[in-house]
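Chemist: Numbers 0 to 368, taken from numbering that gives the first Met the number 0, label the letters of the sequence shown in order.
No lab work stands behind these hints: they were computed from the structure.
C-beta atoms are modelled at their ideal positions from N, C-alpha and C, and glycine is treated no differently.
Incorrect hints may have been included.
Computed beta-carbon distance windows for the label pairs [unchecked claim]:
{"hint": "1", "residue 1": "Glu270", "residue 2": "Gly112", "range": "23 to 29 angstroms"}
{"hint": "2", "residue 1": "Glu325", "residue 2": "Thr138", "range": "48 to 54 angstroms"}
{"hint": "3", "residue 1": "His346", "residue 2": "Pro70", "range": "32 to 38 angstroms"}
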Amino acid sequence: MSDNVLFSPFTLKGLTLPNRIVMAPMTRGMAPEGIPGQPNASYYRRRAEGEAGLILTEGTVVNRPASRNMPGIPFFYGEQALAGWKQVADAVHAAGGRIGPQIWHTGSTRARGEWEPEAPVESPSGLVGPGEPRGVAMTEEDIADTVAAFAHAAADAKRLGFDVVELHGAHGYLIDQFFWQGTNLRTDAFGGKTIAERSRFAADIVRAVRAAVGPDFPLILRVSQWKQQDYSARLAETPQEMTEWLVPLVEAGVDILHCSQRRFWEPEFPEIDGSEGLNFAGWAKKLTGAATISVGSVGLSGDFFGAFGGQGSETAGLDNLYTRMERGEFDLIAVGRALLSDPQWAHKVRSNRTAELLGFRAEDLAALK
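Please model the entire structure based on the sequences and the hints provided.
Modeler: Shown next, in the form of structure tokens:
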């Protein structure tokens, strides 16, 4: 076993990361009135001090009505919120870290709890899941305004000094609702029977973002097969379908695909390459040529769904991670709950102090520590 690959530099478009560890975006919902403040800045700074190579913030919403599904989710628009995000970026940079905001729109997904946004939620076809109406179907004007809102947020990220930007196109939120046949029943240019047709909305956003930030600013897109509405959902049943889904997005301007799965060691197409075959990020890299981030229960015994039910997770070994990274399966690995409970996780791993790693404690979800 060698950890050299995990702590080797990664360079893309002039951005160099000291290691391959990414802090995964994790919804915290602790920005009062949508404005991040000193507690948020300190929370991210601690992970930079702990040697996470790249920090991706929690999802922060674009300037659209009902773009968030929980109170306390931060805005990425408006003078106060952007000033707060500048404070976050500066704090991480002062600790020697690199950071990018994850910008999103939660579509018609429901909040945990009873909170409802003031405006009607919007989605491709007024559905939250297959056959489950919620909110309104977006007009073409709504779509154009949303594309512009993503581009404006990305331009603000660059202006504020962030190092990268990530678009959230996964987990059943708005962009993903366009991908998914179960929630996209449109008959116009943003719908269709194939995943390639249903990817137009995402491709339009990517092109608009790329135009707004220029050719040299790294752009990440998070994607997933599973949805919070259906954990077994699959957008691509074959490598050919995955190619039709992801290649146009890379051609539109995505630099890195952040491939979300529940457990990073699970093969995406075991019927092709076996039980130890390539995972989602591995196939995405093979099919598109883009750099990829893998993620899913890194260093922990249980997946993140249990966390919402109050379950913790014990630490787990990293041998499988090293094996996959040494064979070049993917480029970066995102760590979520392990870093939530242990800001020093990366430092401990680099220092061969894995016996001191902390497991995930569900109570840590309730505080910015």
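Chemist: Falls inside 32 to 38 angstroms, the C-beta gap from His346 to Pro70?
Modeler: holds (34 angstroms)
Chemist: State, for the Cβ atoms of Glu270 and Gly112, whether the hinted interval 23 to 29 angstroms holds or is violated.
Modeler: Because 40 angstroms falls outside the window, the suggested range is violated.
Chemist: Taking the Cβ atom of Glu325 and the Cβ atom of Thr138, is their distance within the range 48 to 54 angstroms?
Modeler: Between Glu325 and Thr138, where Cβ atoms are some 50 angstroms apart, the hint holds.
The structure fails to meet hint 1 from the earlier list, while all remaining hints are met.
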